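Residue numbers (the working numbering), protein chains in the order written: chain R, 1 to 331; chain L, 1001 to 1233.
None of these hints come from the bench; they were simulated from the model.
Computed from a predicted structure; not experimentally measured.
Built from N, CA and C at the ideal position, the CB exists for glycine as well.
Incorrect hints may appear among the rest.
Stated by the list, open to error - Simulated restraints on C-beta separations: (1) L:Asn1014 / R:Val271: 39 to 49 Å; (2) L:Ser1025 / R:Glu244: 46 to 56 Å; (3) L:Phe1017 / R:Val21: 12 to 22 Å; (4) R:Glu6 / L:Thr1103: 49 to 59 Å; (5) L:Gly1161 / R:Val17: 36 to 46 Å; (6) R:Phe262 / L:Glu1108: 42 to 52 Å; (7) L:Arg1191 / R:Val21: 27 to 37 Å; (8) R:Gly298 / L:Ile1141: 36 to 46 Å; (9) L:Asn1014 / R:Ser7: 27 to 37 Å.
What the hints assert, rightly or not - Covered stretches of chain R (chain L as the covering partner; in silico rule of three or more C-beta atoms under 8 Å from a C-beta of chain L): (10) 23-33; (11) 161-171; (12) 183-192; (13) 214-226.
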Amino acid sequence: MNLVFESIVFLVILGIVLFFVMALLSPFESLGWWAGWSKKSIDQEFDDDRLEQQQTQILVHNRPSISLVGSAPKRFLVYLRGIATADAQLSRREQGFLDHLFSYLPNSAIISDVFPYSATNNPLTGERTFARLYQLLHNARERYRNSLFSLLFVLRNLFQVAVSGDGRYGPIYNAGIARAIGYSLLSNGYTIGCEQPIWVMGWSGGGQISVGSARYLHRIFNAPVYVVSIGGVILDGPAIADVEHLYHLEGSRDNFPRIGDFFSPGRWKIVKRSFWNQAWNAGRITVIDPGPMKHTGGQDYFDHKNKLSDGKTYAQRTAQVIAEIVREVES
Amino acid sequence: MYDIDFSTIETTLNSFFSLVRGFLSFDRAAYQTVVNQEGGMALALATLILSGISLGLGQSVVLFANRVRRRRFIISLLMSGLVFLAGVLAWSGSVWLLSRLITRLSIEYLTIFTGAAISLSPLLFGFLVLMPYLGNFIYQILRIWALLIYLVVIDSVTGIGFWWALSMSLLGWILLELILRIPALKFDRIRNWYWRLTTGTTHRQEVDEVVNRFISELRSIVIRMQNQKGKDE
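Next comes chain R alone, as it looks inside the complex (with noise of 0.2 Å):
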């Protein structure tokens, strides 16, 4: 009895120093890149001719990982995937709804090939020192569902999350996936100066990085960026007010979201003067209800199997709500 009381309690150590060593890691990836300690450094984008050969590159070869391109795309969409995630490859469920969303918004470049929690656009399986540790887990969680492998992911990815939304690294971190995004987008014909609304789409933890990117894509593009949260946590902070209008879909069964609101004082009403206040007095917020959908697992935002009371499925209906806002907009 005692050698299991004890093997418990050395576990339960074992966790609490373990997510505060993960935590406390957490900023120097994007830290370390900035500074130009780490293999993918800043240095090279820094250098004029370096940054545009390699841009040019990327203009000349298109990724092969875009998800959707019509001809002569209208808009341009990007989706940034959930905390669960260690690359940038959709699953089944995500390219469905992604798949329902291009077939409602045709002419639209959806794109998808940028990993949210890295500023260096590294999925975890990558170019990095634990890439082979990440693919054990990886491949771990896949056999063994809702164990405590994906708990580790969900948990790398939280703290990237706290990254983008902290005053300190919140910059840094949301400068990376800004440039990421910007590289997919001119890689997909995105024409600078044609001032064409750019979207964005986050799931889950992605909707952060959506706000806290949207301020820097803005400022790169001189564009108006929309946000698209999906069951999003966002963290108040100065990146809402380059967002031109953001868009928060919350089902009636998640409760997820509200993470953002407990943790974030600046989202608290008592806090007027916040920059989410602000944002929200000004009517630049909206949150939509598109449905009885969970944050995960079956009848969540992507579900493609069980069916609403219309005879949709639940990921359809988060494509069609999404592309009514866009057409909203665009009327």
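Put chain L on the given structure of chain R with help from the hints.
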């Protein structure tokens, strides 16, 4: 009382950690040990310098933002311990001066300095300020903890009372800030000189400043590329 034993590394570490536990738990005996036992002051100074280094690590984002090299980063962190010590020496001087002028109490400078050195021991956890989003909140908690230790120590040693101790420490901080802002003393130059010396960069820039410049550079490059593409077509 606490035992201080520097005979081996293990006993030195034991002495250090037990004394720090005493500081953190408002134990008056820990203060008495620092004042009365040989080696006590050395451990208090070590605590102060390590607190400065730990807090320096917690607030190191500015070094990263200014793209300080690894070697310089380590030098800056080590130096932050000494700068922290200098800051506490100056602040203690300011409080001592005010206590002389206002209360006419004959509190010794060393008493105030020792109290300050001990009370700042919560900042040994200053590295936790690194934590995203919660870092600033943790920093405020550590500062309040440090202030409470200081007030308890000063009150118990001098008997001037909690509110007098609080008033003196706050007024001492205000006086020091005012002194540092006197243009004739040119403290800005000293700060800039120190920054250049430790980091190897020309001047300190804030995070927003460097990021905005990066974004402007990206924008101008992209515009140039687009113009070039237009000409080619």
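Hint-by-hint comparison with the structure:
1. Judged by the Cβ atoms, the range 39 to 49 Å given for Asn1014 of chain L and Val271 of chain R holds: they are separated by roughly 47 Å.
2. Against the hinted window of 46 to 56 Å, the Cβ-Cβ separation of Ser1025 of chain L and Glu244 of chain R comes to about 53 Å, which satisfies the hint.
3. Range check, Phe1017 of chain L to Val21 of chain R: Cβ separation about 21 Å, and the 12 to 22 Å hint holds.
4. About 55 Å separates the C-beta atoms of Glu6 of chain R and Thr1103 of chain L, a value consistent with the hinted range of 49 to 59 Å.
5. Distance hint for Gly1161 of chain L and Val17 of chain R: a CB-CB separation of about 42 Å, consistent with the stated range 36 to 46 Å.
6. Roughly 49 Å separates the CB atoms of Phe262 of chain R and Glu1108 of chain L, a value that falls within the hinted 42 to 52 Å.
7. The hint said 27 to 37 Å for the Cβ distance between Arg1191 of chain L and Val21 of chain R, and at roughly 34 Å that hint holds.
8. Range check, Gly298 of chain R to Ile1141 of chain L: about 41 Å between beta-carbon atoms, so the 36 to 46 Å window is met.
9. The given range of 27 to 37 Å is respected by Asn1014 of chain L and Ser7 of chain R, whose C-beta atoms sit roughly 29 Å from each other.
10. Coverage of the stretch 23-33 of chain R by chain L holds [criterion: at least 3 residues with CB-CB distance below 8 Å; count 6].
11. Counting residues of the stretch 161-171 of chain R whose CB lies closer than 8 Å to any CB of chain L gives 8, so the stated coverage by that chain holds, three being the minimum.
12. For the stretch 183-192 of chain R, the stated coverage by chain L is satisfied: 3 residues place a CB nearer than 8 Å to a CB of that chain, which reaches the threshold of 3.
13. For a cut-off of 8 Å, the count of residues in the stretch 214-226 of chain R with a CB near a CB of chain L stands at 5, and the three-residue condition holds.
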